[in-house]
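A.B. asks: Okay, here's what each chain looks like letter by letter:
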Amino acid sequence: MDRHRPALTRRWALLLAVPPLAFLGLFFLWPVANILALGIAPEGQLQLGHVLETWTQPFVLDTVVFTLALALSSTLLTLLLGLPAAWVFARFTFPGKSVARALTVVPFVLPTVVVGSAFLALLGPRSPLNELLTVLFGEAFPQVRLDGSVGAILVAHVFYNIAVIIRLVGGMWAHIDPRTEEAARMLGASPRAAFREVTWPLLRPAVISAASIVFLFTVTSFGVVLLLGGPRDATLEVEIYRQTAILLDLPTAAALTILQMVGVAVLLLASAHAQEGLSVQQRLRGSSETARVPRRGRERVLVGAILAATVVFMFTPLAVLVERSLHAGDGYGLAAYVSLIEGDPRMRLSAAPWRSVVDSLTFAAATTFIAGGLGLLAAVVVGYRRGWLSRGLDALVMLPLGTSAVIVGFGFLVSLDTPPLDLRTSILLIPIAHALIALPFVMRSVVPVIRSIDDRLREAAAVLGASPSRAWREVDGPILARGALVGAGFAFAVSLGEFGATLFIARPDTVTIPVAIFRLLGQPGSANFATAMALAVVLMVLTSAAVLLIERLRGGGPQPF
Amino acid sequence: MLLTEGLTAAYDEQVVLHDLDFDVSAGELLCVLGPSGGGKSTLLRVIAGLEEPRAGRVELDGRDLAGVPAHERGVGLMFQDYALFPHRDVAQNVAFGLRMQGHGGADANARVGELLDLVGLPGAENRPVSQLSGGEQQRVALARALAPRPRLLMLDEPMGSLDRALRERLPEELRAIFGELGLSVIYVTHDQDEALSVADRVVVLADGRIVADGTPEELWSRPPDAWTARFLGFRNVAPARLAAGILDTPWGRLPAELAGEDVADGEVTVVLRPAALVATSDGPIRGRVSARRFRGDHVLLLIAVGDAPALHVEAREGELPAVGDEIALSLRRGGAHIIEGGTALESGA
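Listed in order, the protein sequences are those of chains L and G.
Under the working numbering, the first residue of the first sequence is numbered 357, with each subsequent residue one higher.
Under the working numbering, the first residue of the second sequence is numbered 676, with each subsequent residue one higher.
Chain G with its partners taken away, still in its complex shape:
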């Protein structure tokens, strides 16, 4: 339903979006994931009509939006810190968009009540917005954005200022609400856990360019490059060499068949999953435990292997080695991921 082609945006001489092509299908929840300053907010502002692109086009339901002012696009935007109207109470905030469409009176009141029920704030109509907690403000902002029934809803870091408990619970609620309404949603965040747990599809944006695009499962199981792998939270990412079925990594030589991919010989990037590394007396990786961190359901071990970067290992069972112990590790089948091409580890933002 939403389509961008060659979208480029710049502030003064600094280009923030480079030639972006992407699309959102009807009813899809698309996450735009990327580090701060990667152009995520600018992308939303360009789609919203609050900024003019330098080049390229935005199409909504087949209609080119060039020259269509922000208030006529039928697109909803929930701002990062919500931008509630401080001089209006909750009901007036939520009813604003309805009033702009010319709906008032009992119908509008009923719709406000409905929306407040939907976002879990029944009866909050007459509360002043200055007395709302962060989570309540977020819900009011959501109800306000939903009220005029936008075709596309965009959320800019909706969990930005919320505490951890809310951050874990709210994405589920949001998904449920969007599903119920059948809305198309663009959800911007810098938090990979949030993106992977909430999205139908994730687009990774770095330095104004799309570096990855896929479902959370696809991205998680096959990160397309080293930078994305690291950004998604993978720790054991390193350049390696693949020849004759043997993967030569900085931590040791591993049989390439342990990885799922079928990759041609040559310079590659390897990703080892911390949970797939297990202590076995004859394992091919040999090192010394340099640190132990308790993580609740597992213990994270940092293993020093020669000059290689510390190897992260999630130990869950058996006897745990102490700091300083020598340890040998082997990799479970499917515990490695090989990315074609050499590693430019510092690429991206």
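Only chain L is shown next, with the shape it has when bound in the complex:
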């Protein structure tokens, strides 16, 4: 039915694809190729021996096992808690649903540093739980401490990624016709059997897709592990950071990078393959047709309990964050916020913390500009064209999402150091790195919108006397603009929260909010801790505002990814 799709000619498609291709080639492929070269040929000569040697070292094996085990258990835990919430959001209507749905995304786009510090506040020595236990049972009572343990990482991972399950699985679930399940019930299937036999097979591709995204995010986890893990808990990502920034062992870091990239590529291919094999053609329903008010009795109790548990789990850490930021001495006050503005030499930041807010907003604006423009071009090519150019560009744009931020930062350091591309000290480096990570979000916000435009709208416009270009302007234009705005919002939020790559490439005097929080947390003293929390609250508010704006603009439209 592509007859009426406006013909984006091959020539135009190639032309439009040039800027995003050039950007990705220069700032992704080239740095990555350099990393590969560094690992395989440290002194200009092929030394596969060193790579293999690195891979077979016991500590690497331990790290790989730890990374995989952590990602796998994080994914399973996230599914365990996320699936019931996805069910509730997909199948039921309740007051405040749209706001609650929007808010579940907030943790997902919050920077790892904020999530990390929220859990530090919640699970650490002075957490409200421990304060309560002390009040009840006295000082001698043993404290509940999860910080510095794998448990803390797991909890933070679930918190961070539960939105992916609610969004992707819940989104699919809402579109599955509930009558197929009812039909099974009428044929003698118990509720459990009806789920197992009908809903689960239809839902499975979405579950696999969401689970592989969670696995991807947790297998490349960096900030959470660095902040919450014990000194010996290291994922590959953290190990790459350690080898590069602390041990200055570039060949080993490069060998680990190759290992990680190969693993991620295999994972992406496997999950794409699994989804293809399992996906089922079905008539999808509008989500408003499939959701209903919970019926009386047990169902209401169950839905209420799941909702309450989800809300408590997702918002307690954020509330604790706010509470910690208000600690001043022995009581409460705004001291931490005051010191954000006034600064303090003990913070060992180059400027007062509020400067980082200005810097972050500037970088976010620049990122939005770069990623918005390039992402829109890429989306037009991918959305309107079929074939190798479309598929290839799509895969290339997505690849940075599957490549760790530290690797991108690392790649910048080793490859952008010779004129005319000596950008190491350039202020542009940060928005460029952020744009790489934001591009997939922008493109994936716009492509589904383009593909969902009903050809008959253009036909109607044509029949009403609009020329093809006029029809495009009148029909596609406004719809595209909305998609682009949503994408731009994502770019803004991604840039505000980006931590790994920024930590790698930020000069001592340019500090984004997440980097400032990280540095503050590294300093001793409760005042610094409170200031870090205050800065995290500022970041949380900024990010939430961006997310809520995205939600409003998107309305009921298609989801990214």
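Hints in this document: simulated from the structure, not taken from any laboratory.
Careful: at least some of the hints might be erroneous.
Claimed, not checked - Derived list of chain G stretches under chain L, where covered just means 3 residues or more per stretch with a C-beta under 8 Å from a C-beta of chain L:
1) 688 to 700
2) 757 to 765
As the list claims (entries may be wrong) - Sample of chain G residues at the chain L side, in silico, Cβ under 7 Å:
3) A723
4) G772
5) F969
Owing to the predicted nature of the structure, the values given are computational and were not obtained by experimental measurement.
By construction, the Cβ of each residue, glycine as well, lies at the ideal position given by its N, Cα and C atoms.
Take the given structure of chain L and dock chain G to it, following the hints.
C.D. replies: Below, chain G alone, put in the same frame as chain L:
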């Protein structure tokens, strides 16, 4: 075999079924006829156990179904757009209910083949459901609903999305199949032709209330009120006054003996059958032809009589008048139907 008493159902505060009492006897094909939004689907869902009634009870073969979950009721339901399982082929769809009963293997396969023969799709076992036409999907849905041998089968708008030719042929086939199996059936539709041609008995449901209940012949010959008459497709329905053997209608005065009923004098509703109105030079109804519509075996004339609503006349023989011609009409014996009581023409949905 099925009995409802005081059945009331509501979504939020909106009541969709008001205090329904009705029954289906064994082997009967009961049509529930009514306009969209009249509560028909809700009635089926309540009987099926997919919705809880707010009040009242449902009894099947003498057993109160309150608290019996949907999968244990032994009731079959064919959904409006069939709700076939998209991830299973035809045979797996049909065998689903058998599998839920614990039957598998060769017996189940044989039964699937039997059912596909019965619904006229022999050999379709391995076809994916996504490649079936609308009519084929309907047949698979029927075979699937029949497979576990339900005591009562309910069909929700089974002809809903089918084309005209199928809609005319399939009701006959369905009747034959149900008759062969001796099934009790509740058949929901909004199409009066379909209901009248397929049912043993018709219940008309409007705004969640039963407004008429009878065999197709009874309803057709004696619609119980003006709304039902109009819903069944009668055109010439109007308030009238009956006094001393004379029926005073908006179109003219007619002798009351032309109607079959024996009705007391007073305000009544009159229904004139279009086929019973014939042109005669001395007829009591005088008007002017305002439109002519060719209908194949007859020509439909719309006659303007003063301020009265246009009178529909089916002309079959003789010379046809042209638009604008003056015409006089008389009514054949039995061509009028008088309903007691004044007309609230806009009542119902």
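A.B. asks: Would you mind marking each hint as holding or not holding in the structure?
C.D. replies: Going through the hints against the structure:
Given as covered by chain L, the segment 688 to 700 of chain G fails the check, having 0 residues with a CB less than 8 Å from a CB of that chain where 3 are the minimum. Here the segment 757 to 765 of chain G counts 5 residues with a CB under 8 Å from a CB of chain L, which clears the bar of 3, and the coverage holds. Among the interface hints, the one on G/A723 holds; its C-beta lies about 6 Å from the nearest C-beta in chain L, closer than the 7 Å criterion. Taking 7 Å as the C-beta contact cut-off toward chain L, the hint placing G/G772 at the interface holds, the least distance being around 4 Å.
A distance limit of 7 Å between C-beta atoms decides the matter here; for G/F969 the minimum to chain L is near 31 Å, and the interface restraint is violated.
Figure legend: structure checked against the earlier numbered hints; hints not met, in rising order: 1, 5.
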